[in-house]
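Working from the sequences, and respecting the hints, build out all of it.
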Amino acid sequence: MFLLALVAGRSSASAGAAADNVQVVSGMGSVALRRTMPSLYVFAFCYGALVCAAFPLAGLGGPVLVWAGYAVAVTGLALGQTVALWRATSGRG
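For the sequence shown, our numbering gives the first residue as 23, with consecutive numbering after it.
Note that these hints are calculated values from the structure, not bench results. Treat the hints loosely; a few may be bogus.
Stated by the list, open to error - Taking CB as the label site, the calculated pair distances span:
#  : residue 1 : residue 2 : range
1  : G70       : M50       : 20 to 26 Å
2  : L82       : R57       : 33 to 39 Å
3  : M59       : V86       : 30 to 36 Å
4  : A54       : L101      : 16 to 22 Å
5  : A66       : T111      : 21 to 27 Å
6  : G70       : A39       : 20 to 26 Å
7  : M59       : L87       : 20 to 26 Å
8  : W89       : V46       : 17 to 23 Å
9  : A90       : A54       : 17 to 23 Å
10 : F67       : W89       : 30 to 36 Å
11 : G83       : V46       : 24 to 30 Å
12 : V86       : R57       : 33 to 39 Å
13 : W108      : A66       : 17 to 23 Å
14 : M50       : W89       : 23 to 29 Å
C-beta atoms are modelled at their ideal positions from N, C-alpha and C, and glycine is treated no differently.
Here it is in structure tokens:
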């Protein structure tokens, strides 16, 4: 968990960039444990929701809302992958 806090703290000011850094660490931890299916499901859900929302967001607010949607998707991805990694390492998954 210290590594997650370190990576998040060293990223740029963008919340999306911080969440993206956290999800990479969690995703690589899942790969190292050879437990990649939960990560795949989280990716499919978060980025699938972003794909479905991209055109309506672009129509309503242009690129600003699309980037906000991306930040929300990546934050959900970081949370989902962190939970998946926690479950895999605690023996619950």
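Structure-based check of each hint:
Between G70 and M50 the Cβ separation comes to about 22 Å, which falls inside the hinted range of 20 to 26 Å. A beta carbon spacing of about 38 Å between L82 and R57 agrees with the range 33 to 39 Å that was offered as a hint. Under the hint 30 to 36 Å, the C-beta atoms of M59 and V86, about 35 Å apart, fit the expected range. Judged by the Cβ atoms, the range 16 to 22 Å given for A54 and L101 holds: they are separated by roughly 20 Å.
Between A66 and T111 the C-beta distance comes to about 22 Å, which sits within the given range of 21 to 27 Å. Here the CB-CB span from G70 to A39 is close to 22 Å, well matched to the stated 20 to 26 Å. At about 32 Å, the beta-carbon gap between M59 and L87 misses the expected band of 20 to 26 Å. A beta carbon spacing of about 19 Å between W89 and V46 agrees with the range 17 to 23 Å that was offered as a hint.
For A90 paired with A54, a C-beta distance near 32 Å fails the hint of 17 to 23 Å. In this structure the supplied range 30 to 36 Å is violated for F67 paired with W89, their Cβ-Cβ distance being about 20 Å. Checked against the given bound of 24 to 30 Å, the beta carbons of G83 and V46, roughly 28 Å apart, stay inside it. Distance hint check: the CB atoms of V86 and R57 are about 36 Å apart, consistent with the given range 33 to 39 Å.
About 20 Å separates the C-beta atoms of W108 and A66, a value consistent with the hinted range of 17 to 23 Å. Take M50 and W89: their Cβ atoms lie about 25 Å apart, and the range 23 to 29 Å holds.
Violation of the numbered hints given earlier is confined to hints 7, 9, 10; the remaining hints are satisfied by the structure.
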